[in-house]
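Engineer: If you're matching them up, the sequences are chains D and X in order. Anchor point for the first sequence: position 56 equals 56 in full-length UniProt numbering, and the numbering is continuous, going up by one each time. Anchor point for the second sequence: position 136 equals 136 in full-length UniProt numbering, and the numbering is continuous, going up by one each time.
Honestly, I wouldn't trust all of these hints.
One side of the interface only, derived from the structure: several residues of chain X facing chain D at Cβ under 7 Å [claimed, not checked]:
(1) PHE28
(2) GLY29
(3) VAL107
(4) SER108
(5) ALA124
(6) SER158
(7) VAL168
(8) PHE172
(9) HIS189
(10) THR192
To be clear, the hints were calculated from the coordinates, so they are not data collected in a lab. For each residue, glycine too, the CB sits at the ideal point set by N, CA and C.
There are 2 protein chains.
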Amino acid sequence: MPRHKGDHEARRRDVSAAVWRVLAAHGFGGLTLRAVATEMGATTGLLTHYFPSKKDLVAHALTLLDEHRTATRKAGPEPGGLGALRATLLDILPSTPQAAADNRIWVSSWDAALADPDLAAGHAARYARSRERIRHHVREAQRLGELPSADADDLAASVLSFTLGLVVQALFSPQEFPPERQVRLLDGHLATLAAPAGGLPNGLR
Amino acid sequence: MPRHKGDHEARRRDVSAAVWRVLAAHGFGGLTLRAVATEMGATTGLLTHYFPSKKDLVAHALTLLDEHRTATRKAGPEPGGLGALRATLLDILPSTPQAAADNRIWVSSWDAALADPDLAAGHAARYARSRERIRHHVREAQRLGELPSADADDLAASVLSFTLGLVVQALFSPQEFPPERQVRLLDGHLATLAAPAGGLPNGLR
Numbered sequence: 001m002p003r004h005k006g007d008h009e010a011r012r013r014d015v016s017a018a019v020w021r022v023l024a025a026h027g028f029g030g031l032t033l034r035a036v037a038t039e040m041g042a043t044t045g046l047l048t049h050y051f052p053s054k055k056d057l058v059a060h061a062l063t064l065l066d067e068h069r070t071a072t073r074k075a076g077p078e079p080g081g082l083g084a085l086r087a088t089l090l091d092i093l094p095s096t097p098q099a100a101a102d103n104r105i106w107v108s109s110w111d112a113a114l115a116d117p118d119l120a121a122g123h124a125a126r127y128a129r130s131r132e133r134i135r136h137h138v139r140e141a142q143r144l145g146e147l148p149s150a151d152a153d154d155l156a157a158s159v160l161s162f163t164l165g166l167v168v169q170a171l172f173s174p175q176e177f178p179p180e181r182q183v184r185l186l187d188g189h190l191a192t193l194a195a196p197a198g199g200l201p202n203g204l205r
Numbered sequence: 001m002p003r004h005k006g007d008h009e010a011r012r013r014d015v016s017a018a019v020w021r022v023l024a025a026h027g028f029g030g031l032t033l034r035a036v037a038t039e040m041g042a043t044t045g046l047l048t049h050y051f052p053s054k055k056d057l058v059a060h061a062l063t064l065l066d067e068h069r070t071a072t073r074k075a076g077p078e079p080g081g082l083g084a085l086r087a088t089l090l091d092i093l094p095s096t097p098q099a100a101a102d103n104r105i106w107v108s109s110w111d112a113a114l115a116d117p118d119l120a121a122g123h124a125a126r127y128a129r130s131r132e133r134i135r136h137h138v139r140e141a142q143r144l145g146e147l148p149s150a151d152a153d154d155l156a157a158s159v160l161s162f163t164l165g166l167v168v169q170a171l172f173s174p175q176e177f178p179p180e181r182q183v184r185l186l187d188g189h190l191a192t193l194a195a196p197a198g199g200l201p202n203g204l205r
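Please build the complete structure, drawing on both the sequences and the hints.
Structural biologist: Dropping the structure here:
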């Protein structure tokens, strides 16, 4: 029954949009069935038809975040190697108001995710994929001679560590970490990794 | 009236212990006046005498976390410079079950803190103090010639970024980030920063 199915999909999109607005306004701590129902002008009962529990709602919200991040990722021709690595990391940093708002939701999801094994597994898989993408760029940079040869897994984990921790600090102290300082710190970090033989690391000169 | 004051203090300690147990079991997402009251075998009404609102409760929990972290910080004679920096960062990493449990609570507090300007300001001040402590060790390491001269503020922010991001990844993927790998990544990061002139950074050899 296509028509019925179309209605169902349309309603799901309405629900998704309402979930997104609640997250943007209140973070995961404010994400409740009631809040989403109110946002939609619907009853909690209708909402439980789509999401039987709070956990289903949170899982859906995490999927929305994933889709949003993929959709907003800068497209265009990526240079290979270190340039692509830099672009990937810049894309994560909260260096625009929109990126800050997205990161705020993302960081606030860690509480809900850590409290539930299934959600935690989903997050673990997400970060594993991020490391894989980063590792790909690291290997290409090594092939091009832009990064010294070293364990690419460890390098990818280190680079993602640096980036996630910078996100957290910048969210709490935006005035201490304006966009230009975020970029400077990232470039300093990459220059340190790329330090040519025979001199001090660029980022430390 | 000392006796009354003593009772009040004793009760506050009971409440604090109950808050701690709720956090350890359910994270900040599970921290409600009702959960703490149940944990104490008390009424929500009694609890609101100490904490009029959920926000007061969360603020108290963050203070408890601070006290706990200060109390569990390894004492003993710290070597100056790079050794002290390494010890400070090792102290943060979730490299023991207890440190993992503490970090889990800490990371889960970010959701509540980001949703409230006052709590966010408290967290911003906490991380500023962390950077100050790290910067002190960085400066000492620079004085000793263990780290190249560079902007100590930026170095401290970078080192804390790396550490916080490693905490997050290790919490979600403990099997990929066992304690020995956490230490190896940290040592690799420090070796990169300390890279001597005339060779590749140690962490990248």
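Engineer: If a hint holds in the structure, say so; if it doesn't, say that too.
Structural biologist: Taking the hints in turn, this is what the structure says about them:
A least Cβ separation of about 5 Å between PHE28(X) and chain D falls short of the 7 Å threshold, and the interface hint therefore holds. Hint status for GLY29(X) relative to chain D: holds, with the closest Cβ pair at about 5 Å, below 7 Å. Interface restraint check for VAL107(X): the shortest CB-CB distance to chain D comes to about 5 Å, inside 7 Å, so the restraint holds. Because the closest C-beta pair between SER108(X) and chain D is about 4 Å apart, less than 7 Å, the hint holds.
At a threshold of 7 Å, the smallest CB-CB gap from ALA124(X) to chain D is about 4 Å, leaving the interface hint in force. Interface hint at SER158(X): satisfied, since its Cβ lies 6 Å from the closest Cβ of chain D, which is below the 7 Å cut-off. Hint status for VAL168(X) relative to chain D: holds, with the closest Cβ pair at about 5 Å, below 7 Å. Given the 7 Å rule on beta carbons, the hint for PHE172(X) holds: about 4 Å separates it from the nearest Cβ of chain D.
The beta carbon of HIS189(X) is positioned within 7 Å of a beta carbon in chain D (closest approach about 6 Å), and the interface hint is therefore held. Using the Cβ-Cβ criterion of 7 Å, the hint placing THR192(X) at the interface with chain D is satisfied: the shortest such distance is roughly 5 Å.
In this structure, every one of the numbered hints holds.
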